[in-house]
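Number of protein chains: 2
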Amino acid sequence: MKKVINLGIVGFGTVGSGVYNLVSRNSRTICAKTGIEIKVKTICDLDTTKVSAAVSGTAVTSRWQDITEDPEIDVVAELIGGISPAREIIRESMKHGKNVVTANKKLLAENGSEMLEMLADTGGSLGFEAAVCGGIPCIMVLNKGLAGNNIISITGILNGTTNYILSKMESRGLSFEQALADAQRLGFAEADPTFDVEGYDAGHKIAILAMLAYGRSIDFKTIPLEGITKISPLDISYAQDMGYTIKLLGIAKNINGKLDIRVHPTMIPKEHPLASVRNEFNSIMMDGDMIGPVVMNGRGAGSSATASAVVSDIVQLAGKPEFHPRFIGAAKLMSPEQRISRYYIRMLTEDSPGILSQISGTLGRHKISIASVIQKEVNAELVPLIIVTHEAKDSSMQKCVTEIEKFDFVKEHVTLIRVEDFKQQEKKQ
Amino acid sequence: MKKVINLGIVGFGTVGSGVYNLVSRNSRTICAKTGIEIKVKTICDLDTTKVSAAVSGTAVTSRWQDITEDPEIDVVAELIGGISPAREIIRESMKHGKNVVTANKKLLAENGSEMLEMLADTGGSLGFEAAVCGGIPCIMVLNKGLAGNNIISITGILNGTTNYILSKMESRGLSFEQALADAQRLGFAEADPTFDVEGYDAGHKIAILAMLAYGRSIDFKTIPLEGITKISPLDISYAQDMGYTIKLLGIAKNINGKLDIRVHPTMIPKEHPLASVRNEFNSIMMDGDMIGPVVMNGRGAGSSATASAVVSDIVQLAGKPEFHPRFIGAAKLMSPEQRISRYYIRMLTEDSPGILSQISGTLGRHKISIASVIQKEVNAELVPLIIVTHEAKDSSMQKCVTEIEKFDFVKEHVTLIRVEDFKQQEKKQ
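Top line first, the protein sequences correspond to chains A and B. To convert a position in the first sequence, counted from 1, into my numbering, add 632. To convert a position in the second sequence, counted from 1, into my numbering, add 632.
Hints may contain errors.
Stated by the list, open to error - FRET-style restraints, in silico, Cβ to Cβ:
#1 A:N653 with B:G889: 21 to 27 Å
#2 B:K1008 with A:Q1007: 48 to 54 Å
#3 B:G819 with A:S803: 36 to 42 Å
#4 B:E1013 with A:S716: 54 to 60 Å
#5 B:T861 with A:A1003: 22 to 28 Å
Said to hold, decoys possible - Short, incomplete list of chain A residues facing chain B, as computed with Cβ under 8 Å:
#6 L678
#7 K682
#8 V692
#9 T693
#10 V773
#11 P897
#12 V1015
#13 L1017
#14 K1043
#15 V1046
#16 T1047
No lab work stands behind these hints: they were computed from the structure. Remember, it's a predicted structure, so these values are computed and weren't measured experimentally. In this text, a Cβ means the ideal position worked out from N, Cα and C, and glycines have one as well.
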């Protein structure tokens, strides 16, 4: 039942090696989920020594024609970037009847109409989810998920480098130069950061999104681009005072049939969903006339995240539009006793001495340790006592509550709410 | 070049009428974007009088067999909900070689394995994007966008009614009962709200998501469900004091091969992206091993949003996995002079009288009105002056800045940052 896809990878840099590693690692998962087995048949890179050292069971070449002309290869991943020879590689692949996936935003943004004409001429298919905010499947959502909508506007934090810099300027009061140096040290900014901080990268992305949303070719050179180099800590501090945060936004709006497309720093209200997107994360808000606003957040770049987008395209191009998970039996569920969480406990108690010691004693006997206690002074006979615990087993916590509710000095039922700090995700951020 | 899809709609309630209206309104857009023309051929509802009054050019029937047995119908939209006869309608449609789309979360969550076996038996295809958080294309993202990933966890605000109630309890200090009454008045809660407030609806959605993410069937009855009826304003206020907000979360985690699936109120940190999802909006965070966390927000229910998901499925089932927008010429761009925005202007001026009057005079001559001014007392010769304007034309603003920079008392360049309040989106929220 499984379908084998022979993949040729052109370009073994950050994204190309990411795709090879993802396929090596998750091949079984992909096959179980989609019925498609991806096999990397050939990798092309000018530095064949580097590639040969990193891979096994795969042909290695420095001639891209070895991939585009290979009749056994089904899909070509063009991952070298830039205009030429990327353009030629895509064209030749399509002429030879192959589908192509690419992460090449420059080519699509600056030569978009040419690419689309090529598609029409050759009848080929091009996947480019990886070209816009790698880790966010926004192309698919815009093209297919919102296919029934007229797109009113697209607004996005489309560049991770600038969002990282602005986040650090805000959270640590750094200057632009200090935050940039910090980003460079951590690999979130290039040695020459011009392309990111002057808004070109965000410009490429909003150009591609606008082209798809409005079905019109767009001359990239006409899009006004403004970067973040002039933003000072003073501006960020004033923005905060006024309830705003500063983000570099790419914006495309349809205003009575005319498109307003631009990239510039923008003050947005602190409560807005885009305002809570911090550090290197990206976010795209698409507003459709039927669906309303849809917001997607995720990691916009990086080897694994971008590789994930490339693989998503490969699976879709394989012509299995419908998903048939092969359900291999019932799920193994975790037993309730094993569930672990932090807890908020609220109880109403009499205001007399010794109560806290008895309650904390009960928790202690069940090996539940206390993170914080709140008991405010109030002029009433009954006072609320709030305890937040460290991680504890669900079953232990339930037993504790039963015991606590038996104390004479505890009135009403105890309220129990789980506390989730998303530590794992925060670490990743 | 266009492909015509004959659609049969079974059930003309909120979602069914929404699909009819969406197709009537946006048929041209859909065809331009996807090359697919959707024609509603027949609508089935027990109340044929109601349907006949609302539609034109479409056959109306009260027998669903008139749709499932019609050889001209390509796709059946099952939009009546519940277990029976929805199950029979889907089965018969597939037996007759039709593809099916549905918004039926109860059927998928409680009889998911049966449905999937039916797919395997008949070779049919079933689209159910509309079954989980209508306005958020999360099924497509989970199945296809994240196809290369092992899913570590899914965490979501999956029910709009409870999120609306919790949001109002927080923002206005209402009790659960008051907020529920408010939600009922505005149509965000049913007359009998049990299904939503006790967590069943969120439970159905997390069951479907977990089934897809982990490729295992799940016994819905084993999922622990806890609703929000016991949450008091006190808990919300204490949570706020501690830097948390309370959300009803559906959670599915893979912990060493065992699934932890549950629905309960949870305290989450205020800065977390899920915390800023308010009112009737939904949000889903999917964490993949390669892509990292991907968060999607949008309207989870409602006639138009759910119809948008149904249409997205129809387009995808039509077997055009690849998107070929037909680019009909270059985009008409808005001229820079027409662009309108609010502005933050920061300048460094001498600390002497009459300066504010000269600057506000300049703005006034260009018909730019001032929303707020900040000038703090500082012990220095030069002081920062901040002005935030109401909406103004880009060209007028640029002229103003040129004039302001010519004043002797203005030092350095003027900093100009656009201010976006997302009023349109806020109104919608």
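* Asked: Any hints this thing doesn't respect? Which numbers, in order?
  -> 2, 6, 7, 8, 9, 12, 13, 14 and 15
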